[in-house]
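Engineer: Chain A is already provided as a structure; the job is to place chain B with the ligands on it using the hints.
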Amino acid sequence: MFFRSKTLIGSTSAALGLLAAGGARAEWGLNFPPPAAGVAQEIFDIHMMTMGIATVLLVIVFAFVFYSLYTHRKSRGYEADQHFHETWFGHWSWVIIPVMVLGVDLTIASKADAVLKKVWEVPEGKDFLDVKVTGHQWWWEFDYLDHDIKVESRYIPEEESQELYLREVDNRLVLPNNTKVRFLHTSADVLHAFWVPELGFKKDAIPGYVTETWADLNREGVFRGQCAELCGTWHSRMPLVVEVVSEERFAEWKEEQNQLKVAALAEASADKTWSMDELMAKGKEVYDTKCAACHQVTGLGLPPAFPALKDSPVAKGPIAGHLDIVLNGKEGTAMQAWGSMNDLEIAAIVTYERNAWDNNTGDVVQPADVKQAR
Amino acid sequence: MSTTTLTHDDAHHHDAPKGWRRWLFSTNHKDIGTLYLLFALTMLFFGGASAMVVRAELFMPGIQLVDPDLYNNLVTNHALIMIFGAVMPAAAGLANWMIPMMIGAPDMALPRMNNLSFWVLPAAATMMILSFVVPFFPGGGTQINTGWTLYPPLSVQVGMSMDFLIFAIHLLGISSVLASINIIVTLLNMRAPGMTLMKMPMFCWTWLVTAFLLILVVPVLAGGVTMLLFDRHFGTSFFDAAGGGDPVLFQHLFWFFGHPEVYILLLPSIGVLSHVIPTFSRKPLFGYNSMVGAMLAVATIGMVVWAHHQYTIGMSLGAVTYFMIGTIIISIPVGLMIFNFIATMWRGSMTFETPMLFAVAIVLMFTFGGLSGVMLAVVPADMQYHDSMFVVAHFHYVLMPGAVFGLFAGVFYWLPKWTGHMYNERLAKIFFWTNVISFNITFFPQHFLGLAGMPRRIIDYNVMYTEFNVISSIGGIVFGLSHLLFLYIIISTIRGGKKAKAKAWEGAKGLEWELDSPPAFHTWTVAPTIK
Ligand code: HEM
Ligand SMILES: [Cu+2]
Ligand SMILES: [Cu+2]
Chain A
11 MFFRSKTLIG
21 STSAALGLLA
31 AGGARAEWGL
41 NFPPPAAGVA
51 QEIFDIHMMT
61 MGIATVLLVI
71 VFAFVFYSLY
81 THRKSRGYEA
91 DQHFHETWFG
101 HWSWVIIPVM
111 VLGVDLTIAS
121 KADAVLKKVW
131 EVPEGKDFLD
141 VKVTGHQWWW
151 EFDYLDHDIK
161 VESRYIPEEE
171 SQELYLREVD
181 NRLVLPNNTK
191 VRFLHTSADV
201 LHAFWVPELG
211 FKKDAIPGYV
221 TETWADLNRE
231 GVFRGQCAEL
241 CGTWHSRMPL
251 VVEVVSEERF
261 AEWKEEQNQL
271 KVAALAEASA
281 DKTWSMDELM
291 AKGKEVYDTK
301 CAACHQVTGL
311 GLPPAFPALK
321 DSPVAKGPIA
331 GHLDIVLNGK
341 EGTAMQAWGS
351 MNDLEIAAIV
361 TYERNAWDNN
371 TGDVVQPADV
381 KQAR
Chain B
812 MSTTTLTHDD
822 AHHHDAPKGW
832 RRWLFSTNHK
842 DIGTLYLLFA
852 LTMLFFGGAS
862 AMVVRAELFM
872 PGIQLVDPDL
882 YNNLVTNHAL
892 IMIFGAVMPA
902 AAGLANWMIP
912 MMIGAPDMAL
922 PRMNNLSFWV
932 LPAAATMMIL
942 SFVVPFFPGG
952 GTQINTGWTL
962 YPPLSVQVGM
972 SMDFLIFAIH
982 LLGISSVLAS
992 INIIVTLLNM
1002 RAPGMTLMKM
1012 PMFCWTWLVT
1022 AFLLILVVPV
1032 LAGGVTMLLF
1042 DRHFGTSFFD
1052 AAGGGDPVLF
1062 QHLFWFFGHP
1072 EVYILLLPSI
1082 GVLSHVIPTF
1092 SRKPLFGYNS
1102 MVGAMLAVAT
1112 IGMVVWAHHQ
1122 YTIGMSLGAV
1132 TYFMIGTIII
1142 SIPVGLMIFN
1152 FIATMWRGSM
1162 TFETPMLFAV
1172 AIVLMFTFGG
1182 LSGVMLAVVP
1192 ADMQYHDSMF
1202 VVAHFHYVLM
1212 PGAVFGLFAG
1222 VFYWLPKWTG
1232 HMYNERLAKI
1242 FFWTNVISFN
1252 ITFFPQHFLG
1262 LAGMPRRIID
1272 YNVMYTEFNV
1282 ISSIGGIVFG
1292 LSHLLFLYII
1302 ISTIRGGKKA
1312 KAKAWEGAKG
1322 LEWELDSPPA
1332 FHTWTVAPTI
1342 K
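Quick note, the sequences are listed as chains A and B, same order.
For the first sequence, our numbering gives the first residue as 11, with consecutive numbering after it.
For the second sequence, our numbering gives the first residue as 812, with consecutive numbering after it.
Among the hints, erroneous ones may be present.
Pulled a few chain B residues facing chain A out of the computed Cβ check, cut under 7 Å [to be verified]:
| id | residue |
| --- | --- |
| 1 | Gly1146 |
| 2 | Leu1238 |
| 3 | Ala1263 |
Bear in mind the hints are in silico, worked out from the structure with no lab data behind them.
Keep in mind the model is a prediction, meaning the values are calculated, not measured.
Just so it is clear, CB atoms sit at the ideal spot from N, CA and C, and this is done for glycine as well.
Same shape as in the complex, but just chain B:
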């Protein structure tokens, strides 16, 4: 390993540059991690704002605030911004900050590529925002009213903003693939001497698997949207039945990406939990090996069950049976992961700082979302649930705890390490409770709406759905606003606060806690040795 021979002098050749150059030209994993996290935080508010408009519109039956195309545009924009703009970059930010510190490496393996993979993102975000606003200019064409799934033929009818979106997706894909390559190379080559793969911190393991998933599926999405682009402008008919094409083909391509994508969103947060729960239970992670095995199983099976999103397209009996059984089987490794978390808490000596509060909420609510997932996997029943508000409830119960709360837990857990200051625990707890309670008020009633017959993605509904929509919207507004408190806590922690010790948490274990809080600009220039 060449990196272990890096001498102290080499590392100090260049010190932190000042001003904008420090950020634009950065090759430092910590700075790039910070950029990723700030970008994700910004996007969280964009995505959140569009969701709040959607919830405000659904507050009452009738069309009050927006017109139907704008409504669907907001729905589309919300999903894409949250997934590609908020959750994935936030997870990449954690990876950038933590992976080198956790494995005793001085930086990411490919620092310049690291810079590129971040700086593609603002360009992609600009494209995506343009795709949203272009229709408001004269001659800007119609709005993207397809939802994030972009199914043709509807997506062929949309005006030029769809082309902006397709290029945004290309750029986002490039960014993710570059970041993934970097993470894989780093993890496979730059671990401290003595750190075998099976001694690697769990967060690193989850990212290793995530990175492979990304490289496998993102190009398929890129290919799918490129075919869409060709259908739109260059006379092909990949997805046009009239020209001998097949509209369902797009759905297969989309979900071949889309289902693994949910694990891409989930796994880094599972990694965070694998550190947070042991720390605050003061007990090592239960079942490290089975955790790794479960994760590999989830990733593998997760690649071959995509069509459970398409049960209603009219597949053969054999095909639906296969996809049903495959999907139900996923509950085995997922169940094992949840079990391991509970077994880590079991007979621990728990305290409930904010990261742990989020962790406990995740275990409970993610279990709930996983169980509704098993219900959805059952084909005959899904013929009822599909494309109803029940599905909306399901995926928010898995994604919000499974991805977003995991990231919140990670931010609170490592914020003292990054900034050198302890955050305000009292405020953070207030944030936790408002956030989690209003989340449940927002999404729990949506199960009932779906069962009673309310489809998703409709702007207007019959009066019989009013009550639950009112409750859901009130919850949604509180939920959205609660994130302002999150923002405030982060800003005030960056600006000051109680000094954090190197080992900020009593029960914390791992190399990152041997470094100062905040760590020096370059760390582990001499690799530690793991026994």
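Just chain A, same shape as in the assembly:
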């Protein structure tokens, strides 16, 4: 049904080609990327230590088994030693082996415990930059609580992101280097999980919960991760990109964000009546970023999960009902409340939805109407 044999053959040959060239490619990604924070380094080290211990144990077990497979076989005329279990070793192995394993366990557990104490709880102190990370179906929201800045972060379609498809976003989580950051994780709808391997941890975003993690950033760079808890249809399209910059650059970035915010506010509050064309243009822009993941750019949705807005009884019905579902969402479904957008944006989207895709109701919704409906 979805089978496209041409693509399949094409991708098969491409895949084989890639495999052949694979040896020449620099990066195969065999291990975690180098850490970018002190806590991440601790976690990386304990990972390397347990992996080392596991490898040594594996080699020991394999050595015994292969020796036995080679030596103790009937084809070499080896006679079974029916009294092996009666030797002193046979009698005491049930103590010896557990004690040996316990020794290994204690080695691992004591080191793990020490690391855990350092990384698990956010240390006391006021010198933290607080970032609230909220998972949404299917985008991330970053609130810089101390700076009153809010960033919405979404994936970029393959045509634009190319090689970085699913590893790049429109707005990155920008953080200053040499700073301790406290992340507060929560979710607006279903479970998500924040995972950037360079920071060394992942944490679930759970509706109704706020969980904490922290990182003492110590390296500038761009670090890429993605949502790690199944959150529905487009779980694969929730990349996370953290950009750690110098403190000076971070100050500049904050200034830029503030200016953007001021400009948007000024535009929205201007007591002006907008023309249909202006609203349609603005509406398309906002709709395509915020609503198209579910309702699609074509307005056709992905039924039965996400309804079509083209010819939708809501989009062609009374304006009040349309505004209501956009402002307040619908409980128990993936349609969340969008009331946090400003009046202008909502007016533009609703106007757009009521006139695009041959809906042609001719209705123009003004910011003032939205204000009233709130």
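Structural biologist: Same frame as chain A, now just chain B with the ligands:
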């Protein structure tokens, strides 16, 4: 013991009925065992087909074959069918066939209940298949895109197919609990005179523990999904934070079942190995007592470490430390089991028929999976591994050898007993090698994918993950197809082949080998006496 006084005449009151009545109304442990095994084999192919579609989709970056919801539906369906449809019924099939023959009993203690516990399964499977296909009909709602863990709130968003699934789980649970009751009653009451618990064949011991585990944890899962059903339809908010509930509560209920479940899948196969390895090493099982002790320890500790699947939910430091240490401690009894197997092979006189080949592969690969389990148990490191492809690699390395290969070993080991024919050893060896090699090609690279940052349960991925996914998919397709050979071997062995002796294997020990191959419809109508 009343059963030992059963006279010959009683046993022949009813002979094997003919036609469909023989199966539908069966109260004979051998026939019901066969039904279980055939059911499991069928489900193995359903579950395998969904996995092959998943692997085909992941072959290359991009979305080629299925849409994202169908992809997640397949992932969910694969796991549930394999666990509840293939592995558990197959283990129950072995139990039905072998337990009465091994302990010298004429049948299971509760033969009618035995019939019921099997015939609930096809109903459950129908429900489960409906939950998969219903969304393709008009008005059928959305697909189950939650994975087998069914976490809310996502599972509350899903359409009516989730309700089908919840009822399927109820039915499967009923079947498992009934079968478990039957096995416990049989093992405790119907052993031949002189067979004390500590003389019981190891396969029976593993099933005794498994049955207790099932009775303890399956009702918890049933309760959890029932609460989900109420949240979905009856206005409760057990798992809805907005209504004062707690989405994490479901996770605790699920894993309180889910972690013991992995031992439920593992133990019967450990039981099989405890017969296969001594037989082909021509030497008794090393450390029978410590094996029993280790198993009881695994089951007990295994009941109290469930939250190692939830390290990232934000538990307190005290809680994660407890779950970490508990989980790491499990490696002690597990390590002892593996040691006992190696010590049984040590200074034996080994030959390598197919069951033994599987046994050796299990010892090696299960050790590998257990060691990656210890890595996962370490909380700080698991904050990286969790929900990545590394976990997928881990559990396939424990489950495939630990459960499925053990069942394969059991099937090859006892097939001559059941059918009276020797299977084709050459073909079986070809099956073994393709199966085991392609398994490793499929799952070994997934460790690297996980470490490099690829999460599990995603339909589409960045080009940087291409190479290992290509390798894994090629392995996966070969692995899936290799089971057709398994099917062929089984069918041809049922239909004919070299006549099997009563004692099909030179080194075999135990009551089942004193019966003819194939055994009579009713066996041990006079109980043997164990010295
Ligand atoms: C030494 C023994 C073992 C240890 C220490 C261990 C540890 C773990 C841990 C900590 C996880 C959670 C990883 C995560 O999600 O982040 C896990 C996952 C899992 N393990 Fe093990 N494990 C062991 C043996 C087994 C065995 C014997 C089986 C089955 C036969 C098994 C089956 C699974 C499965 C199915 C999952 C993943 C479930 C899911 O998330 O869907 N493990 N293991
Ligand atoms: Cu997600
Ligand atoms: Cu577990």
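Engineer: Would you mind marking each hint as holding or not holding in the structure?
Structural biologist: Results for each hint:
Interface hint at Gly1146/B: satisfied, since its Cβ lies 4 Å from the closest Cβ of chain A, which is below the 7 Å cut-off. Proximity of Leu1238/B to chain A is violated relative to the hint, the smallest CB-CB distance being about 21 Å (cut-off 7 Å). Residue-level restraint check for Ala1263/B holds (minimum Cβ-Cβ distance to chain A is 3 Å; threshold 7 Å).
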